[in-house]
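Based on the sequences and whatever the hints tell you, model everything.
Quick mapping for you: the protein sequence lines, in order, are chains W and Y. Taking full-length UniProt numbering, the leading residue of the first sequence gets 1, the next gets one more, and so forth. Taking full-length UniProt numbering, the leading residue of the second sequence gets 1, the next gets one more, and so forth.
Calculated from the structure, these hints are not laboratory results. Every residue, glycine too, gets a C-beta built ideally from N, C-alpha and C. Be aware that one or more of the hints could be misleading.
[Claimed, not checked] As a list, the in silico EDC-like pairs of lysine to aspartate or glutamate whose alpha-carbon atoms are at most 20 angstroms apart:
1. 169(W) <-> 189(W)
2. 140(W) <-> 189(W)
3. 113(W) <-> 311(Y)
4. 113(Y) <-> 112(W)
5. 322(W) <-> 46(Y)
6. 113(W) <-> 112(Y)
7. 113(Y) <-> 231(W)
8. 113(W) <-> 46(Y)
9. 113(Y) <-> 220(W)
10. 363(Y) <-> 311(Y)
11. 105(Y) <-> 231(W)
12. 363(Y) <-> 310(Y)
13. 261(Y) <-> 60(Y)
14. 105(W) <-> 231(Y)
[Said to hold, decoys possible] Sample of chain Y residues at the chain W side, in silico, Cβ under 8 angstroms:
15. 9
16. 12
17. 16
18. 19
19. 39
20. 42
21. 44
22. 126
23. 201
24. 206
25. 224
26. 227
27. 245
28. 246
29. 249
Protein chains: 2
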Amino acid sequence: MDNMVYNFSAGPAMLPVEVMQQAQAEFRNFNGLGVSVMELSHRSSDFIAVATQAEQDLRDLMQIPDNYKVLFLQGGGRGQFAALAFNLMGKNAKADYIVTGQWSKSAIAEAEKVGTVRVLDGFGEAELTGEEQGPRPLAKEWDLDPTAAFVHYCINETVDGVEYPFVPKTGDVPLIADMSSTILSRPIDVTQFGLIYAGAQKNIGPSGLAVVIVREDLLDQACPQTPIIMDYAALAKADSMLNTPPTYAWYLAGLVFKWLKRQGGLTVMGERNKAKADLLYNYVDASNFYRNNVHTEARSWMNIPFQLQDESLNDAFLAQAKAAGLVALKGHRLVGGMRASVYNAMPIEGVQALVDFMDKFAKQHA
Amino acid sequence: MDNMVYNFSAGPAMLPVEVMQQAQAEFRNFNGLGVSVMELSHRSSDFIAVATQAEQDLRDLMQIPDNYKVLFLQGGGRGQFAALAFNLMGKNAKADYIVTGQWSKSAIAEAEKVGTVRVLDGFGEAELTGEEQGPRPLAKEWDLDPTAAFVHYCINETVDGVEYPFVPKTGDVPLIADMSSTILSRPIDVTQFGLIYAGAQKNIGPSGLAVVIVREDLLDQACPQTPIIMDYAALAKADSMLNTPPTYAWYLAGLVFKWLKRQGGLTVMGERNKAKADLLYNYVDASNFYRNNVHTEARSWMNIPFQLQDESLNDAFLAQAKAAGLVALKGHRLVGGMRASVYNAMPIEGVQALVDFMDKFAKQHA
Chain W
1 MDNMVYNFSA GPAMLPVEVM QQAQAEFRNF NGLGVSVMEL SHRSSDFIAV ATQAEQDLRD
61 LMQIPDNYKV LFLQGGGRGQ FAALAFNLMG KNAKADYIVT GQWSKSAIAE AEKVGTVRVL
121 DGFGEAELTG EEQGPRPLAK EWDLDPTAAF VHYCINETVD GVEYPFVPKT GDVPLIADMS
181 STILSRPIDV TQFGLIYAGA QKNIGPSGLA VVIVREDLLD QACPQTPIIM DYAALAKADS
241 MLNTPPTYAW YLAGLVFKWL KRQGGLTVMG ERNKAKADLL YNYVDASNFY RNNVHTEARS
301 WMNIPFQLQD ESLNDAFLAQ AKAAGLVALK GHRLVGGMRA SVYNAMPIEG VQALVDFMDK
361 FAKQHA
Chain Y
1 MDNMVYNFSA GPAMLPVEVM QQAQAEFRNF NGLGVSVMEL SHRSSDFIAV ATQAEQDLRD
61 LMQIPDNYKV LFLQGGGRGQ FAALAFNLMG KNAKADYIVT GQWSKSAIAE AEKVGTVRVL
121 DGFGEAELTG EEQGPRPLAK EWDLDPTAAF VHYCINETVD GVEYPFVPKT GDVPLIADMS
181 STILSRPIDV TQFGLIYAGA QKNIGPSGLA VVIVREDLLD QACPQTPIIM DYAALAKADS
241 MLNTPPTYAW YLAGLVFKWL KRQGGLTVMG ERNKAKADLL YNYVDASNFY RNNVHTEARS
301 WMNIPFQLQD ESLNDAFLAQ AKAAGLVALK GHRLVGGMRA SVYNAMPIEG VQALVDFMDK
361 FAKQHA
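Rendered as structure tokens:
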């Protein structure tokens with residue numbers, strides 16, 4: 001069973017091998033209790049110890065200040081699209097949303113049910129390259145509304161492979177970030193954000209869990225209609241146990257956080273992730289067989305889309321890759337082509353194996 | 001590790017031993033794919049096969065007609081308190097809620113954010129027994145509003161140990177049931193309901209999953225503010241994959257459904273559960289040391305609260321029970337005392353072990 005398969009799924013995604021080994025070993029007997037961690041009451045001291053340690057390890061990894069609450073909630077990123085709007089648009093029902101791809105658009109659809117959204121283009125003017133216009137770089141300034149309740153953006157667009165290498169400046173307006181597919185992949189300064197949220201199924205754990213990091217002063221602005229399972233203030237007060245949390249996902253997240261600490265933390269992970277991304281982008285850029293259409297300043301370290309110049313070879317590429325143990329490389333249905341998601345759990349050996357395969361495939365079909 | 005521990009947790013709760021053995025064996029290598037089922041994309045054919053089979057097995061077990069949709073959603077019962085109100089109060093924002101305990105009250109709190117709720121007492125008049133009034137039986141008729149959008153009730157109150165042995169008659173008004181802690185424990189006629197929902201963490205699987213069974217004609221009544229992750233019509237159209245579902249919980253639910261089929265289905269489970277409940281209630285009723293205050297017609301087969309006549313012995317009872325491998329017997333914090341949750345996964349041997357222990361403890365402290 002340990003024939004290595006490299007799983008490039010965008011999420012649910014591969015988890016660290018060590019984490020999965022530990023979880024399997026203690027699956028039916030956690031801490032000698034004779035039961036699985038998923039069979040423990042969330043109110044038992046045994047589970048509360050798991051939950052508390054996971055929060056502390058996340059705080060350590062991200063250096064989360066004390067004036068931020070950390071919530072472990074049911075659901076994923078899309079649930080938080082609605083939750084953040086319900087929570088932050090109760091007193092001031094207008095917000096600015098920067099759009100860089102599919103996920104920022106989906107976030108807007110939820111916020112528009114609660115308040116008024118202004119849509120801001122996340123991209124600036126492209127430089128002209130020869131006769132055609134090249135990819136557009138990220139915009140660095142926007143016509144922001146200083147009276148908006150918040151500015152929302154998606155740091156890493158999983159579908160489009162677009163990632164911010166910088167944090168937008170929004171002055172006194174709280175900045176809200178969808179960090180689903182980039183959280184924990186490199187160091188980030190939490191104090192620049194009013195609220196950070198992430199679905200777990202990329203860099204944190206399995207699907208079914210969302211993590212929210214929210215500055216305490218933003219917890220008094222909820223709409224009266226806010227469902228209690230989305231009410232950050234109520235959830236914070238109950239230590240995320242107002243309702244039954246997704247306990248097994250929370251436990252697995254805790255194992256991932258411990259694993260990250262053992263790796264050396266987010267500085268080390270950032271170096272590794274940059275090396276992985278460089279390896280694949282450099283190969284694609286040097287190739288006439290493959291291409292990536294994202295501006296070099298906006299390229300994701302986590303989700304690397306690439307296209308074959310000859311799209312008629314897509315099925316052959318996917319079939320041969322799978323046979324070589326390189327799975328889930330098909331691009332998102334909205335954009336097609338290929339996509340390699342290379343989250344924290346993907347070792348550089350997996351990226352090297354992919355590049356080697358791509359090169360072999362290109363030579364076969366040159 | 002197979003020293004048997006009987007886990008009476010109310011949820012998250014014990015899962016069938018066979019299910020947990022299979023899940024552990026294939027934890028890191030599902031179907032020979034070399035990856036965990038939790039590392040599969042929810043859009044992969046491998047996971048869709050898991051999801052589709054689970055739905056079919058649930059349909060078989062409960063004999064769910066074709067004009068009902070079955071949804072596998074993020075979250076739990078409390079999320080559905082809000083979701084059902086958002087989905088069913090868009091055209092007619094008033095509903096009748098029958099109250100029999102803590103969970104029906106919590107459901108009302110969510111519905112009142114969306115529409116107007118009339119609260120109906122779930123209990124009728126108690127018979128007088130000697131000088132004191134005994135426990136109240138369930139009411140069988142209510143002053144229902146024939147123009148309400150729906151009537152809501154909780155079939156089994158996990159905290160209070162109150163269960164309906166009959167289905168309330170509501171005429172043409174759709175009946176909505178919170179079936180979180182009793183679903184799959186005995187046969188039930190789905191056609192009597194407009195909508196059934198259940199958090200998974202009692203009789204279905206781990207926490208983080210909710211199952212909704214909804215009649216198709218009720219899918220056109222949502223409020224415009226309904227968050228997309230709660231929008232039954234949109235979720236049904238996307239086969240519960242509009243957002244990333246809690247894939248591992250869905251997979252485990254599927255294993256539980258297969259296990260239930262192997263046991264002989266819900267008729268067999270109902271017989272077993274009645275035998276388990278009779279064993280414990282009969283012992284308690286015959287005892288002067290323990291008591292249960294629920295009317296005999298309203299006693300839950302799933303959650304059996306009992307009190308020691310001498311409450312000062314509670315801590316000793318719990319400590320000695322735990323030492324005997326009988327864990328999680330502490331009653332809900334709102335009601336105190338003891339509670340034995342005896343869901344499908346609890347074998348009658350576990351209930352017999354509990355009764356034997358209770359008898360020994362009573363004799364020690366008589």
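So, as I understand it, the hint says residue 44(Y) touches chain W; can you test that by seeing if any CB pair is closer than 8 angstroms? holds (7 angstroms)
Interface hint for residue 9(Y), Cβ within 8 angstroms of any Cβ on chain W: Holds. Min distance 5 angstroms.
Interface hint for residue 42(Y), Cβ within 8 angstroms of any Cβ on chain W: Result: holds, 6 angstroms to nearest chain W Cβ.
Pairwise hint evaluation, residue 231(W) against residue 113(Y), where the allowed Cα distance is 20 angstroms at most: Roughly 13 angstroms separates the two Cα atoms, so the pair holds.
Holds or violated: is the Cβ of residue 206(Y) closer than 8 angstroms to a Cβ in chain W? holds (4 angstroms)
Have a go at the residue 39(Y) hint: is there a Cβ in chain W nearer than 8 angstroms to its own Cβ? holds (5 angstroms)
Do the numbers back the hint for residue 126(Y), that is, is its least Cβ distance to chain W under 8 angstroms? Violated: closest Cβ of chain W sits about 32 angstroms from residue 126(Y), beyond 8 angstroms.
Restraint status (C-alpha distance of residue 261(Y) to residue 60(Y) at most 20 angstroms): The given pair, whose Cα atoms are some 9 angstroms apart, holds under the 20 angstroms limit.
Tell me if the interface restraint on residue 227(Y) is satisfied: Cβ within less than 8 angstroms of some Cβ in chain W. With Cβ-Cβ at 3 angstroms, under 8 angstroms, it holds.
Would the pair residue 363(Y) and residue 310(Y) pass a check requiring their Cα atoms to be no farther apart than 20 angstroms? Distance of about 13 angstroms is within 20 angstroms: holds.
Checking hints one by one. Is residue 12(Y) an interface residue toward chain W, by the C-beta closer than 8 angstroms rule? Holds, about 6 angstroms.
Hey, residue 363(Y) versus residue 311(Y), does the alpha-carbon distance stay inside 20 angstroms? Given that 20 angstroms is the threshold and the Cα spacing comes to 16 angstroms, the pair holds.
The structure fails hints 3, 8, 17, 18 and 22 (numbered hints given earlier, in ascending order).
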